[in-house]
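Quick note, the sequences are listed as chains F and P, same order. Just so we're on the same page, the working numbering is the position in the first sequence counted from 1, plus 4. Just so we're on the same page, the working numbering is the position in the second sequence counted from 1, plus 78.
Hints listed in this document are in silico derivations from the structure and should not be mistaken for laboratory results. Wrong hints could be hidden among the right ones.
As the list claims (entries may be wrong) - Partner residues aside, some chain F positions facing chain P, computed with beta carbon under 8 angstroms: (1) L50; (2) K53; (3) T55; (4) S97; (5) G102; (6) G108; (7) G110.
Stated by the list, open to error - Pairwise CB distance ranges (calculated): (8) P:E164 to F:P44: 21 to 31 angstroms; (9) F:S101 to P:D142: 23 to 33 angstroms; (10) F:G45 to P:G138: 39 to 49 angstroms; (11) F:Q112 to P:P86: 34 to 44 angstroms; (12) P:Q106 to F:Q49: 16 to 26 angstroms.
Said to hold, decoys possible - Straight-line C-alpha distance at most 25 angstroms; calculated SDA-like pairs for lysine to any residue: (13) F:K64 to P:N182; (14) P:K85 to F:P44; (15) F:K60 to P:K143; (16) F:K56 to P:T108; (17) F:K64 to P:K85; (18) F:K64 to F:V41; (19) P:K85 to F:K60; (20) P:K143 to F:G102; (21) P:K143 to F:L50.
The beta-carbon is built from N, C-alpha and C at its ideal position, and this holds for glycine as well.
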Amino acid sequence: GDSVTQMEGPVTLSEEAFLTINCTYTATGYPSLFWYVQYPGEGLQLLLKATKADDKGSNKGFEATYRKETTSFHLEKGSVQVSDSAVYFCALSQRTSGSRLTFGEGTQLTVNP
Amino acid sequence: SAVISQKPSRDICQRGTSLTIQCQVDSQVTMMFWYRQQPGQSLTLIATANQGSEATYESGFVIDKFPISRPNLTFSTLTVSNMSPEDSSIYLCSVVGVSGGSYNEQFFGPGTRLTVL
Numbered sequence: 005g006d007s008v009t010q011m012e013g014p015v016t017l018s019e020e021a022f023l024t025i026n027c028t029y030t031a032t033g034y035p036s037l038f039w040y041v042q043y044p045g046e047g048l049q050l051l052l053k054a055t056k057a058d059d060k061g062s063n064k065g066f067e068a069t070y071r072k073e074t075t076s077f078h079l080e081k082g083s084v085q086v087s088d089s090a091v092y093f094c095a096l097s098q099r100t101s102g103s104r105l106t107f108g109e110g111t112q113l114t115v116n117p
Numbered sequence: 079s080a081v082i083s084q085k086p087s088r089d090i091c092q093r094g095t096s097l098t099i100q101c102q103v104d105s106q107v108t109m110m111f112w113y114r115q116q117p118g119q120s121l122t123l124i125a126t127a128n129q130g131s132e133a134t135y136e137s138g139f140v141i142d143k144f145p146i147s148r149p150n151l152t153f154s155t156l157t158v159s160n161m162s163p164e165d166s167s168i169y170l171c172s173v174v175g176v177s178g179g180s181y182n183e184q185f186f187g188p189g190t191r192l193t194v195l
């Protein structure tokens, strides 16, 4: 079945550092790919998405590119802020499976001032 | 997007009891789901809540333990039955098919944090 693998965490960075969180997937066909963010004590928020190969999703300074050749969807941000501290989840869905999401393990990001 | 509310936001329950969690959306949606997030872990899909029919459960989850209702296109409930400490988790509902949104965009409620003693 489909699966998503994220880089092991937690990740601790200083403010204004460059962020990369790796995400790779295993799936048949052409899934849609997502990054969700969960701030402390809150539910999940959709951060960005990409629905086909070479699409780039972007939001709030975060970017991720759908790479079918490497089955990856790595999350990047050029300069993180303390307010970016959260748990980040990579996920995929297939239209053939009713839009159900398959999540990665989540990566805890802490940004220090 | 959609405004999704869940009640209660948190609860502490005794083992052997049951808790019903409500999920309300401010607009009609196509699909509603229920997820469980165990402490420090990722999300696992419990079931798809089908309007007017029985929910579709994922492997490892059964109706007797997690009965689900969806009487209309904006509301669903999840009951956690005969609770044990292993049921302590955050339970989240999500929706797909929000008017004006993409078919595959899924939005989440704020979650219900359940502790079972």
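Now for the hints, and whether the structure bears them out:
A hinted interface residue such as F:L50 counts as satisfied when its beta carbon comes closer than 8 angstroms to some beta carbon of chain P; here the least separation is about 6 angstroms, so the hint holds. With 8 angstroms as the threshold, the beta carbon of F:K53 comes within range of chain P, its nearest partner Cβ sitting at about 7 angstroms, so the hint holds. A distance limit of 8 angstroms between C-beta atoms decides the matter here; for F:T55 the minimum to chain P is near 7 angstroms, and the interface restraint holds. For F:S97, the interface hint holds, the least distance from its beta-carbon to any beta-carbon of chain P being 6 angstroms, beneath 8 angstroms.
The interface hint given for F:G102 holds, since its Cβ lies 6 angstroms from the closest Cβ of chain P, which is under the 8 angstroms cut-off. Using the Cβ-Cβ criterion of 8 angstroms, the hint placing F:G108 at the interface with chain P is satisfied: the shortest such distance is roughly 7 angstroms. About 5 angstroms separates the beta-carbon of F:G110 from the nearest beta-carbon of chain P, less than 8 angstroms, and the hint is met. Distance hint for P:E164 and F:P44: a CB-CB separation of about 24 angstroms, consistent with the stated range 21 to 31 angstroms.
Taking the beta carbon of each, F:S101 and P:D142 are about 24 angstroms apart, inside 23 to 33 angstroms as hinted. For the hinted restraint 39 to 49 angstroms between F:G45 and P:G138, the CB-CB distance of approximately 27 angstroms leaves it violated. Between F:Q112 and P:P86 the C-beta distance comes to about 26 angstroms, which lies outside the given range of 34 to 44 angstroms. Checking the proposed 16 to 26 angstroms range against P:Q106 and F:Q49 shows it holds: the Cβ atoms sit about 22 angstroms from each other.
A distance of roughly 21 angstroms separates the Cα atoms of F:K64 and P:N182; the hinted pair therefore holds under the 25 angstroms criterion. Between P:K85 and F:P44, the direct Cα distance comes to roughly 19 angstroms. Compliance with the 25 angstroms bound is thereby established for this hinted pair. With a CA separation close to 41 angstroms, the supplied pair F:K60 and P:K143 exceeds the 25 angstroms bound. Restraint check: the Cα-Cα separation between F:K56 and P:T108 comes to about 23 angstroms, which is no more than 25 angstroms; the hinted pair holds.
This hinted pair does not check out: F:K64 and P:K85 have alpha carbons roughly 30 angstroms apart, beyond 25 angstroms. Proximity of F:K64 to F:V41 is assessed by CA-CA distance (about 12 angstroms); at most 25 angstroms being required, the pair is judged to hold. Distance hint between P:K85 and F:K60 is unfulfilled; the C-alpha atoms sit about 36 angstroms from each other, more than 25 angstroms. Of the supplied pair hints, the one linking P:K143 and F:G102 holds, its CA atoms being roughly 23 angstroms apart against a limit of 25 angstroms.
For the hint linking P:K143 to F:L50, the alpha-carbon distance of about 29 angstroms lies beyond 25 angstroms, and the restraint is violated.
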